[in-house]
Every structure is written in structure tokens, then in C-alpha cells.
Amino acid sequence: MNDARAVIVGSGPGGATAADVLTAAGWDVVILEKGRNHLIDLEAPYEPKGEFSNDELKFGFRHFLGPDPLAEPRTFRRGEADGDRIHVGDVNNLPSTVGGGGPHADGKLPRFREDDFHVRSAFGPIEGAAVEDWPLTYDELEPYYAEVERLIGVAGAAEANPFAAWRSGPYPMPPGPDMYGATLTAPAAEKLGLHPYRAPTGANSEPYDGRPACNNCGFCGFYGCPIHAKGDPIASLRRALLTGRCEIRPEAYVTEVVLDGSGRRATGVRYLDAGRRVQEVRAEHVVLACGAFETPRLLLRNGLANSSGLVGRFLTVHFQTFVVGGFPFDLLGDRGRAVTHLHDDFIVPGPDDVAAAREAGLPWMKGGVVEHGSAAGPIQEAVEYPPGELHTAAMRESALRRKLWVFTMQGEDLPQATNRIDLDPAVVDAWGFPAGRLTYSPHRHELVASAHFAPKLEAVLREAGAEWTIATTSPPAPDAAFDTPLGVAPASRHIMGTCRMGADPATSVVDPEGRFWDVENMVCADSSVFVTAAGYNPTLTLTALAHRTASKLAGIGPPGG
Amino acid sequence: MIRLVGPVWLSPEDHAVVAAAGDRLVPGSAETGVADYVDTLLGAFEFDPPRIWAGGPFSGRHGGEAGFDSFLALGAVEELAWRTRIEGSRGLPEREFNGPVRGLQEEYRDGLASLGTDFATLSPEEQDARLGAVPEFKALLYRHACEGMYGDPVYGGNRGGAGWAAIGFAGDVQPRGWTAVEMRPPAASEDGRPPAASEDGHA
Ligand SMILES: Cc1cc2nc3c(=O)[nH]c(=O)nc-3n(C[C@H](O)[C@H](O)[C@H](O)COP(=O)(O)OP(=O)(O)OC[C@H]3O[C@@H](n4cnc5c(N)ncnc54)[C@H](O)[C@@H]3O)c2cc1C
Ligand code: SF4
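Line order of the protein sequences matches chains A and B. Counting in my numbering, the first sequence runs from 1 upward without gaps. Counting in my numbering, the second sequence runs from 562 upward without gaps.
Hints are not guaranteed to be accurate.
A few chain B residues facing chain A, derived, Cβ under 7 Å [what the hints assert, rightly or not]: (1) Pro588; (2) Gly617; (3) Gly621; (4) Ala681; (5) Leu683; (6) Glu708; (7) Asp713; (8) Val734.
In case anyone wonders, no lab produced these hints; they're calculated from the structure. Just so you know, even glycine gets a beta-carbon here, dropped at the ideal spot from N, CA and C.
Let the hints inform the model, and build the full structure from the sequences given.
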């Protein structure tokens, strides 16, 4: 006797979307979430819990949304030469809480371009990187993109970006108000031949789906939205709960996928509850949506779904280039959604970029989307200045907060087999399970692209009125001139590719529909399945894929089809 | 917020040393309650729920009902992590899954002993010398002074929002937020740029 038709592990954007789709199709589901519930009352009428707030200590310094790095450390090394690890603690941590990274994110939600699904065919191979085509096309995913934009509530302007992929309809809402700094950097970028546009954002620009419009509070990235104007997964989870067919169990740490005698079918999962008692949920189908770091960790611990030997491998992040500019006046960076403009020019290489790549001995190079943004809290700013008598003066001058503007390029990171998640040989979590370990070094492509595009961004900032500019990267380039406060591990919160999707079970972990090759009734609904990283924020794409995977599981066709 | 009379974890003497040392690192922080901030953190578990995470969604300063005062309960793993961070692992196996952890209380006990009970009476140069002799503790105190000065008042520092007021930071603004008009500087000229910033950094 099953407890549910499907058990979903993880309640982030991926898992929440799967729950939304499956419950709408009449399935009953149980969602198991390792973290606590600060998002939504689990009794009807499922109101927000009211625990999010504009509180820098709680969100920025005290791990409110988890995971606490002391209880759930991860480890990092650049490669084997580093030994077992060079860092223990926070490594690409996304929140561990009901809603996953959804509440934390400030929700720039661009789609990928058509090319991004067949980089290998469009651009060709690059030595030392496992650049492959996806086993699906943009056209196939488009209806799901449109549907998740509607479900999440994305505010954007369809015609704004000349590089955008084709779309079947407009965004459900117009873009929200521009940050002041972006009203200076966007025209400056245009003047230098770039094409900035208002960022499609999962934050309501008008009341939508029973949630209010964003009021530009400025505590956006890294914070939960106190008024739920963000398209965090509260909308999907609430819809699922309202069907009466969804149960969410927080503080349920899944430790094992249980298999039947054949070893090819799952009968459900086991988890530890808040009191560390072993519990089991039996289900016809298992949906893994632990995020691209924890999904492979769980599988590796179980020795599961890994006949290809590729679980955990081809991990990609975004190779981030930060270009900051200091202005002689206040940019009001603490008002607004942290980022209101993007430009995609560096994703679509021009002749100059191709020439630079060739000169560096690469067949091609791609940068990434550039975010025009700002916003650091005053504590984060304060710790950057030296202590002592001049501290207050520095804070009043606020060179590093109010007068700073930041371009973040989410550079496309090429997949490499050696970049991966595995299990740390010694460090464990509070339950005694091996910590996940990230081994990561950028490919030369990322370093060359970053060095090529950064000066272009510095020029834009100077054009906009910056008095000084600095470029840095995360992770640090091997020849970096100075240490960044972001540390030695990649600071990117975009993690992809650890259970690669493909048409051949020998070279991929899941099939083109997101089903694990080795476990016939188990699918993956997070960004583990990405084949390549693209230079775009991943969440809309992983959500569209989760929608598609769940729809196919339930035997329903594409939305609107 | 409800404050008990006097410190909950620091002795009155230590409280005075934290205030003086904090003030040396972040001027003005003594007056805005840095020692109360540190005391509330080190003594967080003297309260129920512990004073780790303030409630939400609003402070009441910009409308809505005040909710920050209602601190949120910790889950089992969170309590384990925070007790370990604050109290240290104390040889308890459930806290030592990756080996012993020194707690903040111990860091403070040792650090304050090195600064000396006479710290507050010393000259600024002598204070700097004593702080310089314990660089790790100085760094910890400095971080806590920044947190106390610019964190929400509900955590014990930044009394009455004085830290924020000193730098022209509005703090939390929900549920009022900022209007589209307020997102631009009032003095913005035609090309969108304000005139040169005035002395205090405000356009
Ligand atoms: C500050 C910030 C800003 C961001 N901004 C953007 C942005 O602008 N645009 C964008 O596209 N992306 C952004 N992101 C990234 C975005 O949050 C992630 O891409 C997204 O959350 C990934 O969704 P997911 O469902 O795959 O996994 P997650 O959101 O990581 O959710 C996985 C969930 O599974 C749970 N889990 C893991 N293991 C287990 C287990 N064993 N048992 C039970 N539960 C488990 C976790 O606790 C977690 O809650 C941002 C992230 C952060 C932190
Ligand atoms: S800026 Fe808008 S979406 Fe972001 S937290 Fe504030 S109100 Fe919510």
C-alpha cells in the first residue's frame, strides 16, 4: 500500500513545480524537505507564516534559511593537487528550507536562447571541455517556459532584448520600476553599443495571483520577501496544498531511496524526522529535487543510478566576473530589487570576441548575462572598512555601498568531468553522513572570456560616471592580483549539471525526459540535469524542465497544447 | 524590546570592557549598545525562544504590526549548531562530529582576560596596543561591533536605530517600501545625475 502516488524530495523551485503539476493532474504527493518551514502555514487556508523580514543579521549572518555550515558543512578543493580539501563550511550553499533557494533569490528569470540547447553543434567542441548538445530543443521547451512564467509571475518586456529567443506570448506583467543606478548604466551601455533591457524578474510589478506588487524594499537577494511579492515557490506550493492532495513534511532528511528486489524500481524513500527517527514513505514514483549539489550527494551515498559513473560530474557554476564602479554621488542602491537591468551582448559573440578567442587559442568564447545592480547591507559594508577612528566617516561616505554600482557577469562555465561533487572522505554533517565535496577549477575558456569582457564593463561604468573601477572574479583567477572577500570557492549560487541528461545511458545519468536511466520510476526535477550551463540564471529553465518532466510523468501534454 | 536589568551573560566588568573595546574599533558603538548586543548573543539561550532570529514580517516602524520582538524558535539541528557556536562543543559527542569546536563564550572569556579589567581606563594608544596583541579576538570583536552598530535594534545594539541614523540608512522599510519616485534622487537633473554630493554624502 503506497502512501502517495509520488514522493518529492526537496521543495525548492524544482520540487514545488513538480508538486504543482502532479497535484493538478490528480496525483497525491508527499513533499519531504530537509529544512524548516518558514514559508507557509501547512493548515488551510495556507497563509504565509510571516517570518521573513528586512533583517540583515538574520538573513545575512545567522543562516536563518539554512543550512547552518556548522551542522551541514560542505568542502571544497580546486583539484587533486589540493589534497582532500582547502575549505570547509559554506560552499555554494542554497537555502535548505521549505521553498529551497526560491525565497532567497532575487529572481532574475531570463530564458535560455535557442543556441544554448545545442552549443556543440552551433559552436563546436573545445578541448578539455565536455560541451554537448541537450537532447531537447528550445522549441520543445517554449510552452513550458511560457507556463512557468505565468505560474511564477514574471514581470518583463517581450520586445526589450534583441538577443532573446522567440516567445509565444507576452510576459504576464510589465517590468517593475528601474533602480536609479541602472538609469545611469543602461544608457551608458547603450552608448557603447550594448543592448541593456529591463530584467525579467519574478517579483510582481502589479498585484498578481493574490500577492501584492513589490514595493522596492531593497532587501531582496538573500532575503525572503516579507510581503510575498516574489515569485518564490509559495504560489506553487499553495496551489498544490489547496488541491488537498499535497502534504509537505519539513525537517525530513531523506537518506535513502528504497529499491525493490529487481534493483531497478524504487518503492519509496527513507528519511530521518526532526527527532532523528527513521521514517519511510512508499510511493509509485520518486521525484528527486534536492538541487544540483544535494541530489548527486544522495545518489552517491546510496551508490545509485550511477552505471555511467557520471553522477556528480560535469558540474557547472557560473564563472562570475564582478566589475564595480565607485561614483561621486549616492546611487540609492538600497531602493529596488537589487538588479533591474541585464544585457546579453556577451552571450552572442561578435567578430571582436571571436578574434580575441582565436588569439587565445580557443575556437570560440561566450561570456554571460550581465546584471546591473547594487545593494549590500550596512553590516556587510562595515566589515570591509578598517576598524578605528575613521570607521564612521567611511560609513557616512559609503564608497562601498551607496556609491557603488556592480556589474555581475554570469559567465558560461564549460562542463569538465573533473569538476564534480563527491563525498568528502572525512568531514561529516550533524547526522554523521559524509559532507558533499566540490572539486572545481575553471576551464581556460572562462578565464579568457572574463579577462576579455571585464574591461568593456569597466568602460561602461566610467561612461556612466564612475570615478574608479575594479574587476574581480569568483572563483579567483589563478593570477588574481588580490584576495576577494568571496573566498576561494566559487560564490555562484547557480549550480548545474551533476546528473546530466542525454540520449545514451553510457554518457548520461537521466534520459531526455528527466528519468534516471537506472531506476525506471525515478525522475529528477532540478538543475542537475543541465547539459551545459549557458550564460543565464538557471531557475526559469530548471523550473520549465521540472514542469516538463512532471507533465510527462503524469502523461499530460505540453501546456496550451 | 524587553531588556532584563543588566547583562545576562557578561559580568558588569566585562560588559564595560566590551563597550570600550567595541567603541575603539567602531566609534560610537558603545553608546548604541554594542556590549548589550554581544551580551545578548553570548546569552542567547538564556531566553526562550533564544535570541538568535527575530520575528517578522515587520518592525512596526514603517507600518504594520510590530513582529520583530517575537523571536523565532530553533529546530533541533539549528539549536545544536547555535549552542555549539556559542557554548563550544564541551566534549559532547553530538557536537563533535567534526572534532572539537571553540565557542564564542570561550573566545570572549579568554579575549577579555587578555584585554584586562582596566581596559576601559587606558589611553587610546594603550587600548590599541592591547587589542593589537590579540588579533583574532580583535577581529571577532570588530565583526560583532559592526553587527551591533548596524544590525536591527531588537538584537540589543543600534539603540533606537542610532547606528543607522548616523549613516543615513533607513533600516527595514516594510510594509511601506519605496515608491518609484523615491527610487530616484529628488535633485536629479535632466540627465538623471544629481548635483555633486554634499558633505554628508547625501545628494
Ligand atoms: C541570493 C540568491 C540569489 C539568486 N538569484 C537568482 C536569480 O536571480 N535568478 C536565478 O535564476 N536563480 C537565482 N538564484 C538561484 C536559485 O535560488 C536556484 O537556482 C534554485 O533555488 C534552484 O532550485 P532547485 O529546486 O533546483 O533547488 P533548491 O532551491 O536548492 O532546493 C532544493 C531543496 O531540497 C532540499 N533537500 C536537499 N537535500 C535533501 C534531502 N536529502 N532530503 C530532503 N530535502 C533535501 C533542500 O533543503 C532544498 O530546500 C539565487 C540564489 C540565491 C541564494
Ligand atoms: S524588493 Fe520587492 S520582491 Fe524584493 S523583497 Fe522587497 S518587496 Fe519583495
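We went through each hint and held it up to the structure:
1. Pro588: holds, 5 Å
2. Gly617: Cβ of B/Gly617 sits 3 Å from chain A, so the hint holds.
3. Gly621: The hint is violated - B/Gly621 has no Cβ within 7 Å of chain A, the shortest such distance being about 11 Å.
4. Ala681: Since chain A brings no Cβ nearer than about 17 Å to B/Ala681, farther than 7 Å, the hint is violated.
5. Leu683: Not OK, violated: B/Leu683 not within 7 Å of chain A, min 16 Å.
6. Glu708: At about 6 Å, which falls below the 7 Å cut-off, the nearest Cβ of chain A leaves the hint on B/Glu708 intact, so it holds.
7. Asp713: holds, 5 Å
8. Val734: holds, 5 Å
In terms of the numbered hints stated before, the structure departs from hints 3, 4 and 5, listed from lowest to highest.
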